[in-house]
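**Student:** Add chain B to chain A, keeping to what the hints say.
Read off the chains here:
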Amino acid sequence: MIPGRGLALGMTMTVVAIVVVVPLGALVLTLRGITPAGFLATAFSPEALAAYRLSFGAAIVASAIDVLAGAAIAIVLVRHPGGAMRGLDTLVDVPFALPPAVTGITLATLYGPHGWVGAWLAQHGIAIAYTPAGIVLALAFVGLPFVVRTVQPVIATLPEEYALAAASLGAAPFTILRRITLPLVAPAFLTGFALALARTLGEYGSVIFIAGNMPGKTEIVPLIIVTRLEQYDFSGAAAVALVSLAVSFLMLLTIDVLQRRMLDARNAA
Amino acid sequence: MTALDVRDARDARALHPGDAARAKRWSAADPFAIAGVALLLGFFILLPLVSIGFEALRAGWAPVVATFSDPNARAAIGLTVLATAVTVVVNGAFGVLAGWTLTKYRFPGTSLLLAIINLPLTISPVVAGLALLLCFGTRSPLGAWFAAHGVQIAFTPIGIVLATIFVTFPYVARETIALMGEQGRDLEEAALGLGASVWQTFALVTFPRARWAILNGLLLCNARALGEFGAVSVISGNIQGLTDTVPLQIDFLYNEDNLVGAFALSGALALVVIALTLVRSILEARRRPD
Chain A
1 MIPGRGLALG MTMTVVAIVV VVPLGALVLT LRGITPAGFL ATAFSPEALA
51 AYRLSFGAAI VASAIDVLAG AAIAIVLVRH PGGAMRGLDT LVDVPFALPP
101 AVTGITLATL YGPHGWVGAW LAQHGIAIAY TPAGIVLALA FVGLPFVVRT
151 VQPVIATLPE EYALAAASLG AAPFTILRRI TLPLVAPAFL TGFALALART
201 LGEYGSVIFI AGNMPGKTEI VPLIIVTRLE QYDFSGAAAV ALVSLAVSFL
251 MLLTIDVLQR RMLDARNAA
Chain B
1 MTALDVRDAR DARALHPGDA ARAKRWSAAD PFAIAGVALL LGFFILLPLV
51 SIGFEALRAG WAPVVATFSD PNARAAIGLT VLATAVTVVV NGAFGVLAGW
101 TLTKYRFPGT SLLLAIINLP LTISPVVAGL ALLLCFGTRS PLGAWFAAHG
151 VQIAFTPIGI VLATIFVTFP YVARETIALM GEQGRDLEEA ALGLGASVWQ
201 TFALVTFPRA RWAILNGLLL CNARALGEFG AVSVISGNIQ GLTDTVPLQI
251 DFLYNEDNLV GAFALSGALA LVVIALTLVR SILEARRRPD
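These protein sequence lines are chains A and B, in that order.
Residue numbers for the first sequence follow the numbering used here, so the first one is 1 and each next one is one higher.
Residue numbers for the second sequence follow the numbering used here, so the first one is 1 and each next one is one higher.
You may find that some hints are simply not true.
[To be verified] Covered stretches of chain A, going by a simulated chain B footprint (3 or more residues, C-beta under 8 Å):
| # | segment |
| --- | --- |
| 1 | 7-20 |
| 2 | 75-89 |
| 3 | 109-116 |
| 4 | 121-131 |
| 5 | 174-182 |
| 6 | 201-208 |
| 7 | 225-232 |
[Stated by the list, open to error] Chain B is faced by these chain A residues, among others (derived, beta-carbon under 8 Å):
| # | residue |
| --- | --- |
| 8 | I2 |
| 9 | P3 |
| 10 | P23 |
| 11 | L24 |
| 12 | T30 |
| 13 | G33 |
| 14 | P36 |
| 15 | A37 |
| 16 | F39 |
| 17 | A64 |
| 18 | V102 |
| 19 | I105 |
| 20 | P222 |
| 21 | A237 |
It is worth saying that the hints were derived from the structure and are not from the lab.
All C-beta atoms in this analysis are idealised placements derived from N, C-alpha and C, irrespective of residue type, glycine included.
Bound-form chain B, shown alone:
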């Protein structure tokens, strides 16, 4: 189709009053479409969210308070915060590094490297946990070596941190690679041509322009890290008070038939990740104008 045809089509729209009527008829159906979609999302997504709060507060606030003052729950919250903090720092730093490396340089095998970085997105969390267990368990050579040096990884918080890092590995890198790739190399080459060092170029030219993508990736990574379950459950060994994260504690309480406790912790986690999601959509709306 040529540009001329397109202009003809635009003229046709201007000339035929019928098209305006058709557009209007479309919008007459829209309230129904909006209501349908609102109903769908309300039933499918909002109702489960509301039910978390309802189940948690079924017996009032006292059991909720009791759940959060339980030492095992406190230990689980501490471990989840620790694992998430380490994960966000590691994957954030890697995301910036990978963004720079994969978009500012040319080298053979870029797409293979990109595929390996993205692999944790499609791998089942259970497979990830199993891989880490087989790699760092005491039966493996690597695990035995670490054990000989006094470091146990499987069934300890270290294993939980590694599992969380693995599962959320690509989230920051994907965002930075996409944005830095779009931005190209021109400004960096100009900065270098004007005498800036590589580090100055990165810190003053590349990093400031990528900060939205980095922040967006960090928020995604943070939300997923807080809730990681499958990989962590395989490598944790579920030692109460020691290697239980909040999602594992939820699983434990639910299986103990302590529904109020399970939903109280679920509600707390849900509130945090929803807050992170809201921050992300507010940032997105702010960024869009420029």
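Excised from the complex, chain A in its bound form:
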């Protein structure tokens, strides 16, 4: 037994209460003046529903792209560690560290109608900036490190004995992949997907510059909150924020379960 439990716990809980619980509590309390029917009407107005659909859709597509790209990146980085590959490895962390506003204006300019990539695409009739594709692009950029950094250590410690055992018993390479390798890495991919999804669902700064922000078309959930706030519609902003908060909390619980399952799979292997 280490003494000082009461003091340490008290101090920790005080800080957590001041920084996280009190502000979130204030957000919930803002809605006490509004009836349940009024809450539903404003939280799920047609404009808000379109934003939920867009935010979820774009985040899911972006995270799925990140899983595919992240798998390839992680496998190559694991097979070839060190040397010049360290540069590529560091590059993976850049989207995480790069300020959202910097990411936002950079992608909007690069893929915009006059940008290096955007101008070339425009010649071929493809528009990315100010369309849902631009939102997916920005979200995929932001989510990539979460997938790579989750999958990488699992692939690095993948035991090869099972695959070799299966091969020695006559299993075809595809069977080995399907029955042995995939079940071993699937929990990590799922966790990486969930982490990227959780991050991208609420992403704001990196998206708004490239999104176009057309109500009902390219307006993401955080932008609805900002728009309502600018119109002094505090309860309307808080209602959408509460839905977003509930989703965040559910994502956190899901990630916790997935992460535990990932560790169990690793320990079992």
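**Tutor:** Below, chain B alone, put in the same frame as chain A:
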């Protein structure tokens, strides 16, 4: 699968020359895989980085210098440095405290406390900013109380510091909790058994062994704090020269069509966070051997 099967599999690898050939065939495809991944990362991540420098220097160095000598930009840089410094100190201290509390003691509700600490990671920054505004704005009881005592929080640098602390709250704590949890309690219990005080145990046993995790968390926290945008933009009120941080100033300049100015500030921020990322990967590479 039993240990025996595993050993059989290893023997099989040694016995079958075909496996070595298969491994070789794999590595023949690797240059293509490396080239593909390098191309992907180069196009997707490096190209945007390069374009920041290109856009900033499009009209030469003069407008860049002008951007940095603008009093509003200087004020924004000052506020960003201040908010980041306070945030790193507060969240660093909390991270060490939370690491100690959550891994060295047993108490009911640990996972709930951990979930609340991690919540800012998945909350949208805009939701965080709104929560702080509704909590500390002059319309709320708490904000009114502070206003009566002469302290305004919303639309002031205090609000910006609070928003930055909220958004980067878990970064140090996650690292310390993971590492201190792995390290267990044995050494602390031994130190206490030999007559050390709790404070000595923490300072001489726990803290030195956690310093890599703390440093790693501080670097992450620092990078995210420098760039925080969504939460800060809601609570800042965007008063030029007073409550504008560097990311808010970038947003302002970009919307004013001052692309060179926006990208000059972006380039400076990008250089700082990339330097922090490099320090982190160098530390990681150094730490790995032990």
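**Student:** If a hint holds in the structure, say so; if it doesn't, say that too.
**Tutor:** Each hint tested on the structure:
no.	hint	result
1	7-20	holds (count 9)
2	75-89	holds (count 9)
3	109-116	holds (count 4)
4	121-131	violated (count 0)
5	174-182	violated (count 0)
6	201-208	holds (count 5)
7	225-232	holds (count 3)
8	I2	holds, 5 Å
9	P3	holds, 5 Å
10	P23	holds, 4 Å
11	L24	holds, 5 Å
12	T30	holds, 5 Å
13	G33	violated, 12 Å
14	P36	violated, 20 Å
15	A37	violated, 22 Å
16	F39	violated, 15 Å
17	A64	violated, 15 Å
18	V102	holds, 4 Å
19	I105	holds, 5 Å
20	P222	holds, 4 Å
21	A237	holds, 6 Å
Hints 4, 5, 13, 14, 15, 16, 17 from the earlier list are contradicted by this structure; the remaining hints agree with it.
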